[in-house]
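K.L.:
As given, the protein sequences belong to chains A and P, one line each in that order. Residue numbering for the first sequence follows this note's numbering, starting at 1 and increasing by one per position. Residue numbering for the second sequence follows this note's numbering, starting at 1 and increasing by one per position.
Since the hints were derived computationally from the structure, they do not count as laboratory data. Errors might be hidden in some of the hints.
If several chains are the same, the list does not tell them apart, and a pair holds so long as it fits within one copy or across any two.
What the hints assert, rightly or not - Straight-line alpha carbon distances no greater than 25 Å define the calculated DMTMM-like cross-link-like pairs of lysine to aspartate or glutamate that follow: (1) K43 to D8; (2) K273 to E256; (3) K7 to E37; (4) K277 to D255; (5) K277 to E245; (6) K43 to E6; (7) K95 to E245; (8) K77 to E6; (9) K7 to E18; (10) K7 to E256; (11) K3 to D48; (12) K207 to E256; (13) K3 to D137; (14) K3 to E18.
There are 2 protein chains.
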Amino acid sequence: MIKFFEKDPYSPIQYVYEVSNILHQSKSAFQEIMVIENPHFGKMLILDGVVQITERDELFYHEMLTHVVLHAHPNPKQVVVIGGGDGGIVREVLKHKTVEKVHFIEIDEEVINVSRTFFPGVACGVDDPRVEIKCMDGAEFVKSRKGDIDAILVDSTDIIGFAKSLFTVEFFKTCKECLAEDGLFVSLSESLHFHKEMVIEVQEEMKKIFPVVDLYTAPIATYAGNWWTFSVGSRKLSPREMRREYAIETTYYSDEIHNQCFMPPRMYEKLMKKELKW
Amino acid sequence: MIKFFEKDPYSPIQYVYEVSNILHQSKSAFQEIMVIENPHFGKMLILDGVVQITERDELFYHEMLTHVVLHAHPNPKQVVVIGGGDGGIVREVLKHKTVEKVHFIEIDEEVINVSRTFFPGVACGVDDPRVEIKCMDGAEFVKSRKGDIDAILVDSTDIIGFAKSLFTVEFFKTCKECLAEDGLFVSLSESLHFHKEMVIEVQEEMKKIFPVVDLYTAPIATYAGNWWTFSVGSRKLSPREMRREYAIETTYYSDEIHNQCFMPPRMYEKLMKKELKW
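Chain A on its own, in the form it takes in the complex (with noise of 0.2 Å):
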């Protein structure tokens, strides 16, 4: 039997996959990408030994990073996504009729046609006429608009290696200029089991520059330490509150979930003052 040992240096627990089929093994300029079928969970992306999608539970993270602050929005026409280049976010975005206009920028275009060939499901949207896709970093996008985004929904790898870049000040600083007055920012900010410290300093960095930050989390069994959070940033509308009604099709994401997952106020207030002990 073949196996996969997932290469993640900052998770306490390794873990392995069954792998029926390697479906794909190349080098871009950016990373090593690789496709493997498992029993369970069909196939694969693998970035530098990380896995970052599987088909059958790639709904989860994709929902949860898009829906939430596209429905704290009154109405979300211009969308930018950074990274992502499997296609999940996009699709999740293109659900919304509001939407005139994806910024679609993944730094590494090899991903993409990586993920048009062996995931059709994920990457359907990105072929879109509404999508525009740039091949370029993020970081730099943003500092070309001004005022005139109204979500900015960032699906990066982890915050190490070259996504280091967006999870900065600076980063968070060009991107609330970026957006409107309504506009909303989210990125994933890690697993509130293994990675706490992560997710206090996100918060703390965002802090210093957008004037509402808030965290709300999701179950994701491929990821490590799985209860994983996303950070939401904005000028002033709180992404707690939905303003649109929940009309899209989806398996995870509802309205429901929309209001049951935000950190709850005490817990959170102990989270930032690192009192929560495990």
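Position chain P relative to chain A; hints supplied.
P.N.:
Relative to chain A, chain P alone:
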């Protein structure tokens, strides 16, 4: 480097842990018992190759199995704990001043002894005067009581092997008869990510017996699938409602979490109709 490869036949991801020390290895009449030490999780109790508790994250499971039903009951006095030989559930139950007696029914005395030696912070309540230890099959014990128990908490190993008798209609029926009018029953029921069909099966079996059946979840990093479920049954009381003030010391559980942890109604309905696809 020494590594421990978890042997969980139900998990599509194999979890691998670094081992800094092997502290104990024995074979009881029921199972293989091992205690290892890991740099991140501290000491870990392993039964038949499956992680049961770790010093670092045991609080999540123990608090969540215990405090939801003990806050849903107006005045819990007589509590039965089945399994949970490590003592974690007993420790949590004893935080409730109303509790007069804990019937601690663990089939394998050896687990209690190993926990006394290696997990004093977990086993700290097992020798409390309010606790009566009986080393026998939980399914047998409940046959001996009629209508005077306020809460039954089942903390067994996974739904395979010798714990299977704790997940049958017969067992649920005996438990219901054992409970007083306001009594509640709760049991672990595996992961929504990896064992959705098992969760549904346990709920369906419980519905044959209990007038009220419900489901709540908690994130647990060291149990495969991590999005862990707890199945509650009762004669009449809904576990969603808190009937007593939250006035105990906990780290994860709180009145906030009590109100957030239950499956949202529409999602629950879809789950039971087998319409949740993942």
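K.L.:
Could you run down the list of hints and mark each one as holding or not?
P.N.:
Each hint, compared with the structure:
no.: 1; hint: K43 to D8; verdict: both (19 Å within a copy, 22 Å between copies)
no.: 2; hint: K273 to E256; verdict: between (29 Å within a copy, 18 Å between copies)
no.: 3; hint: K7 to E37; verdict: both (17 Å within a copy, 21 Å between copies)
no.: 4; hint: K277 to D255; verdict: between (31 Å within a copy, 18 Å between copies)
no.: 5; hint: K277 to E245; verdict: between (38 Å within a copy, 23 Å between copies)
no.: 6; hint: K43 to E6; verdict: both (15 Å within a copy, 23 Å between copies)
no.: 7; hint: K95 to E245; verdict: within (13 Å within a copy, 43 Å between copies)
no.: 8; hint: K77 to E6; verdict: neither (38 Å within a copy, 48 Å between copies)
no.: 9; hint: K7 to E18; verdict: both (15 Å within a copy, 14 Å between copies)
no.: 10; hint: K7 to E256; verdict: neither (35 Å within a copy, 36 Å between copies)
no.: 11; hint: K3 to D48; verdict: both (16 Å within a copy, 22 Å between copies)
no.: 12; hint: K207 to E256; verdict: between (27 Å within a copy, 24 Å between copies)
no.: 13; hint: K3 to D137; verdict: neither (33 Å within a copy, 39 Å between copies)
no.: 14; hint: K3 to E18; verdict: both (5 Å within a copy, 18 Å between copies)
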